[in-house]
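Asks: Keeping their order, the protein sequence lines are chains A and B. One point on numbering: in this note's numbering, the residue at position 93 of the first sequence is 161, and numbering is uninterrupted. One point on numbering: in this note's numbering, the residue at position 122 of the second sequence is 403, and numbering is uninterrupted.
Incorrect hints may appear among the rest.
As the list claims (entries may be wrong) - Simulated coverage check for chain B against chain A, where a stretch passes if three residues somewhere in it have a Cβ under 8 Å from a Cβ of chain A:
(1) 300-313
(2) 320-331
Claimed, not checked - In silico PhoX-like links for lysine-lysine, alpha-carbon gap of 20 Å or less:
(3) Lys177/A <-> Lys419/B
(4) Lys302/B <-> Lys171/A
(5) Lys294/B <-> Lys419/B
(6) Lys342/B <-> Lys179/A
(7) Lys419/B <-> Lys171/A
The hints are simulated quantities; they were obtained by calculation from the structure and are not laboratory data. Backbone N, C-alpha and C fix where the C-beta goes; we use that ideal spot for every residue, glycine too.
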Amino acid sequence: MVQYASVGLDVSFDALSDATRRGVLEQLGRADASITDLAQTFHMTLTGIRKHVGVLEQAGLVTTEKVGRVRTCRLGPRRLDEEMAWIEQHRQLWDSRFDELDKVVEELKRKEITDGRKNRE
Amino acid sequence: MDARTESEPSAMKNPTAVERKSEREMVITRTVNGPARLVFEAWTKPELFTRWWLPKSAGLKLRSCEMDVRVGGGYRLEFDVGAPQPVAFFGRYLEVTPHSRLVWTNDEGGEGGAVSTVTLEEKGGNTLLAVHDVYASKEALDAALGSYDGMSETFEQLDELLVNLGASERRS
Chain A
69 MVQYASVGLD VSFDALSDAT RRGVLEQLGR ADASITDLAQ TFHMTLTGIR
119 KHVGVLEQAG LVTTEKVGRV RTCRLGPRRL DEEMAWIEQH RQLWDSRFDE
169 LDKVVEELKR KEITDGRKNR E
Chain B
282 MDARTESEPS AMKNPTAVER KSEREMVITR TVNGPARLVF EAWTKPELFT
332 RWWLPKSAGL KLRSCEMDVR VGGGYRLEFD VGAPQPVAFF GRYLEVTPHS
382 RLVWTNDEGG EGGAVSTVTL EEKGGNTLLA VHDVYASKEA LDAALGSYDG
432 MSETFEQLDE LLVNLGASER RS
């Protein structure tokens, strides 16, 4: 387990130790891009950028998908984890709000019944 | 994911679901045991709204709450956060349809804030409630989710770590 973790860390460190690779991640944080787009943005050859994307892909920071002749790159599962964590946090916030809302609505329901009785009397 | 965080079926408590519906939209759904007119009342009367909107777990103290619930009317919530200046959330109501629909802007972040819509649908005396937060762009929602900012911060920390590791390597 410990070994797995440290291997993962090494891969990430290697992936992030390069300015171009960090630039690619920032770029993909704004929008998905093809290998060709990235090569143009970073003034590199297709082979050069493919190598960088390959390293990021191995680290789980980027995923790629080939449709026809175009390979599209997007941020990988690690970003998804962050999104899931945020969604869970958001859910807990609303969940505790709704718990209190239940009490308010319950109270209004009781009040309506009491007032209804009074009106009939 | 921890199995315990999944909502268990209970006679007392209805589950809350949060879903990213599209690139620009988050949706929160929940059933409330009561008619829509009472849920609407709890959402539009400040003295009721403030009793549930701010969860106790947030540890914040509400300083003031103004709500002018009509089309074009404004709202403003101020919280004490231990600093001299309170934190404020404000915006205005775009649509007010009693007992079924309320639309408001979230302007505290400047232009391009999310537009929130709550819809209330009554079924058999209970109300299905859905809150839709629609952001100006995919980027705005991503930023709200913290993925992009979170990444930058992670990079900065990693950069620092790499510099330190490099330094200790040179020393040994």
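Asks: All hints are to be evaluated individually against the structure, with a verdict given for each.
Replies: Against the structure, the hints:
1. 300-313: This one holds; 6 residues, not fewer than the three required, reach chain A with a Cβ under 8 Å.
2. 320-331: Holds, because 4 residues of the segment 320-331 of chain B bring their Cβ atoms closer than 8 Å to Cβ atoms of chain A.
3. Lys177/A <-> Lys419/B: violated (41 Å)
4. Lys302/B <-> Lys171/A: Distance of about 29 Å is beyond 20 Å: violated.
5. Lys294/B <-> Lys419/B: violated (33 Å)
6. Lys342/B <-> Lys179/A: Answer violated: Lys342/B to Lys179/A is near 28 Å, above 20 Å.
7. Lys419/B <-> Lys171/A: violated (36 Å)
Of the numbered hints given earlier, the model fails hints 3, 4, 5, 6, 7; all others are met.
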